[in-house]
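Engineer: Each chain is listed here by its residues.
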Amino acid sequence: MSSGTKDHAALSDIFNKDEARVDWHDETLWFVRAKRDKAAHNIPEWESLREAASQIKNNVLSNLHNYLIEFEEQAQKNGVTVHWAADAAEHNQIVHSILKEHGVNRLIKSKSMLTEECHLNEYLKQNEIEVIDTDLGERIVQLAQEPPSHIVLPCIHKKKEEIGELFHEHLGTPEGMADPVFLTAAAREHLRETFLTRKAAITGVNFAVAETGEFVVCTNEGNADMGAHLADVHIACMGIEKIIPKRKNLGVFLRLLTRSATGQPITTYSSHFKKPRPGQQMHLVLVDNGRTTQLSRPDFRNSLKCIRCAACMNTCPVYRRSGGHSYHTAVAGPIGSILAPNLDMKEYSDLPFASTLCGSCSNVCPVKINIHEQLYKWRQVIVKEGYADPTKKLAMKAMEFTLSSPFVYKNAGKVGRWFMKHAPFTVNNKLNLWYQHREMPEVPKESFEEWYKKNKKND
Amino acid sequence: MTSRAQILAKVLKNQPDTRPLPADLLTVFPAADPVQAFATVLTTIGGNFVEVSDYQAIQKYVLEHFGGQRIVSTLPELVAVSEQGWEHQDPHSYANVDLAVISAHFGVAENAALWITEDLMHQRAVPFICQQLAVVLSKKEIVQTMHDAYLKIGTADYGFGSFIAGPSKTADIEQSLVLGAHGPKGMTVFVMD
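Line by line, the protein sequences give chains A and B.
Mapping to this note's numbering: the first sequence position 257 is 257, numbers consecutive.
Mapping to this note's numbering: the second sequence position 5 is 5, numbers consecutive.
Incorrect hints may appear among the rest.
Stated by the list, open to error - Some chain A residues well away from chain B (every beta-carbon gap over 12 Å; in silico): (1) Asp7; (2) Ala85; (3) His119; (4) Asp135; (5) Pro147; (6) Gly164; (7) Asp225; (8) Gln264; (9) Ser271; (10) Asp389; (11) Glu400; (12) Ser404; (13) Asn411; (14) Ala412.
What the hints assert, rightly or not - Taking CB as the label site, the calculated pair distances span: (15) Gln89(B) with His190(A): 50 to 60 Å; (16) Val28(B) with Pro390(A): 53 to 63 Å; (17) Gln6(B) with Gln380(A): 48 to 58 Å; (18) Ser53(B) with Val181(A): 31 to 41 Å; (19) Ala20(A) with Thr43(B): 15 to 25 Å; (20) Gln175(B) with Asp232(A): 49 to 59 Å; (21) Leu433(A) with Gln175(B): 32 to 42 Å; (22) Ala32(B) with Phe31(A): 24 to 34 Å; (23) Glu130(A) with Val28(B): 27 to 37 Å; (24) Val28(B) with Tyr409(A): 34 to 44 Å.
Hints listed in this document are in silico derivations from the structure and should not be mistaken for laboratory results.
Model, not experiment: these values are computed from the prediction.
Glycine included, C-beta positions come from ideal geometry on N, C-alpha and C.
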């Protein structure tokens, strides 16, 4: 997923070819967003919860150094081995070395967007280690050899008929079978067999508590638990920003997380891992991979408060109509568009422009990240640093030239109106980026200045 | 410099000025009848709420619904209807457990989650690997919200603990809700006085 030629607008064009699918994608996600609203409105103190979560996260970012040390010390006391990884490559090497040490070449993994960010699956595959994703949605996209298109609903872009085809090919379900209950049962059989035969399990981390050294993993399927409790080795991978100060702070975040994500009152399983079970090894990898850089940017550090609920994606009119894959990054949508340029400003320079700046993302964010403001700020940084789209740059230059001279401005308006009226094909064509997505306006007879001069009363 | 030292140095250099933690939140809108609220939410998330007078009633229910199947329980009161000496087997051996009956420390009215720690499971895998899960809960042990829940947990020590709310589920295929993704296909909560 890393080639500098990818661009959100071009990738959306591919998704937009199938208009019926776009409508379906849009409606499905809006349905999830509506469930979020209902859940939020059932909690009269919702706004105080959001405020508390935001303040706790502000405290975390301002004291992260000490919290990380405290967390490490407590986790070690609990019998957990703690590793530190400066970047994705080191993270992958650490995981690999633990597996090598135990002679493991087949493992299971529950959902972790961090390992997606680090491209762990590809790395392990190159090292001849088989990884099976156990979240149903992730398993489906894995069989399809695609990345997840959404952080909570990884295969939201797939129709059940397509999933039926994949299962027919890989799991031997009957051809043409597309019933979700039947397909889920088939996946259950396949994955239970996998759980019972793998000696190592990788999980992500939703929250890590500095005070106690425990970490919490939330799933609806129970796949993280099935994996971790059956494996001899449990490796948990987390970004350093997942720390929270105290165990009791979990009360705030667990109330917000799933209500914001899917409208549920809580995930089915909110599991608190503190110590390895007797005879088991528990490893925890703390990963930076650009997070300390984002921490250094006052305008963007708020993005590190994200708890990965995906409410911003579900509400985003651009995400819903362009699909997760058009963002060409592990975390798609509005939040991904402010996280990705931190990782690589050139490669992801298109993403902050993939927004209407309507502010809906900021309105639903449970930790009050000013997402749309950060998208706007990234645009300015990207243009200043010279990473803007060349056609956009050219248009801005032309605009600068026109607007900086009253003579040019006046005459450009005149010329423009003449062409649009008498030779519309010179404007209504493919070369005009504006016309590609919008109808051109009706041409006014005169400019405001001309109108004003004519109608001005001489008083 | 090790990665640890490097990361910590960068964090220290880049972190903003200290911001205080907010005051703890408390339950501000308590449910008038927490047991009823718990029952309603549990049913909505696919669980089964069963009020019982005593362990006799649980035994009867278990025999009626799960008679002849592999039943394990951590409750001494249920020895008559469950397997003996199962506690120290390899976790994989519970894959064919049809019903596991365990108890919970407490339940939470706002989301029907049950707080269960390792000591109540005997084996961490049990509540996840069984085909059906049943949990015994005392009516008095239902708190209002997650704030009360963590107040109750306090500084308790445990190796592993989980809030379990209903049966294992997924909606990954076109948002159709299906119970029994990997773990229990059903969850019954026996509520006693």
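Engineer: Are the hints correct? Go through all of them and say.
Structural biologist: Verification of the hints:
No Cβ of chain B approaches the Cβ of aspartate 7(A) within 12 Å, the least distance being about 29 Å, so the stated non-interface status holds. Consistency note on alanine 85(A): stated as away from chain B, yet its beta-carbon is not over 12 Å from all of that chain's, at 6 Å minimum. Residue placement check: histidine 119(A) keeps its beta carbon more than 12 Å from all beta carbons of chain B (closest about 19 Å). The Cβ of aspartate 135(A) does not lie farther than 12 Å from every Cβ of chain B; its closest approach is about 7 Å, which violates its non-interface assignment.
With a least beta-carbon separation of about 15 Å from chain B, proline 147(A) lies farther than 12 Å from that chain, consistent with its non-interface assignment. Taking the minimum C-beta to C-beta distance to chain B, about 9 Å, the non-interface status of glycine 164(A) is violated against the 12 Å cut. Distance to chain B contradicts aspartate 225(A) as a non-interface residue, since its nearest Cβ pair spans about 4 Å, not more than 12 Å. At roughly 7 Å from the closest C-beta of chain B, the C-beta of glutamine 264(A) falls inside 12 Å, breaking its exclusion from the interface.
With a cut of 12 Å on Cβ distances, serine 271(A) falls inside the contact zone with chain B, its closest approach being about 4 Å. Every beta carbon of chain B lies more than 12 Å from that of aspartate 389(A), the smallest distance being close to 30 Å; the non-interface claim holds. The beta carbon of glutamate 400(A) is kept farther than 12 Å from every beta carbon of chain B, the shortest such distance being approximately 35 Å. With a least CB separation of 38 Å from chain B, serine 404(A) remains clear of the 12 Å interface cut-off, as annotated.
Every CB of chain B lies more than 12 Å from the CB of asparagine 411(A), the least distance being 50 Å, so the non-interface label holds. Distance check on alanine 412(A): its Cβ is at least 46 Å (rounded) from any Cβ of chain B, clearing the 12 Å threshold; non-interface status holds. Between glutamine 89(B) and histidine 190(A) the C-beta distance comes to about 24 Å, which lies outside the given range of 50 to 60 Å. Between valine 28(B) and proline 390(A) the CB atoms are about 55 Å apart, so this pair conforms to the stated range of 53 to 63 Å.
Evaluation of the 48 to 58 Å hint for glutamine 6(B) and glutamine 380(A) yields a failure: the beta carbon distance comes to about 30 Å. For the hinted restraint 31 to 41 Å between serine 53(B) and valine 181(A), the CB-CB distance of approximately 36 Å keeps it satisfied. A hinted range of 15 to 25 Å for the beta carbons of alanine 20(A) and threonine 43(B) is inconsistent with their spacing of about 36 Å. About 36 Å separates the C-beta atoms of glutamine 175(B) and aspartate 232(A), a value inconsistent with the hinted range of 49 to 59 Å.
Checked against the hint of 32 to 42 Å, the C-beta distance between leucine 433(A) and glutamine 175(B) comes to roughly 35 Å, which is consistent with it. For the pair alanine 32(B) and phenylalanine 31(A), the supplied restraint of 24 to 34 Å holds, since their beta-carbon distance comes to about 31 Å. A C-beta distance of roughly 50 Å is found between glutamate 130(A) and valine 28(B), which places it outside the suggested range of 27 to 37 Å. In this structure the hint that valine 28(B) and tyrosine 409(A) lie 34 to 44 Å apart at CB is violated, the actual value being about 58 Å.
Consistency note: the structure conflicts with the earlier hints numbered 2, 4, 6, 7, 8, 9, 15, 17, 19, 20, 23 and 24.
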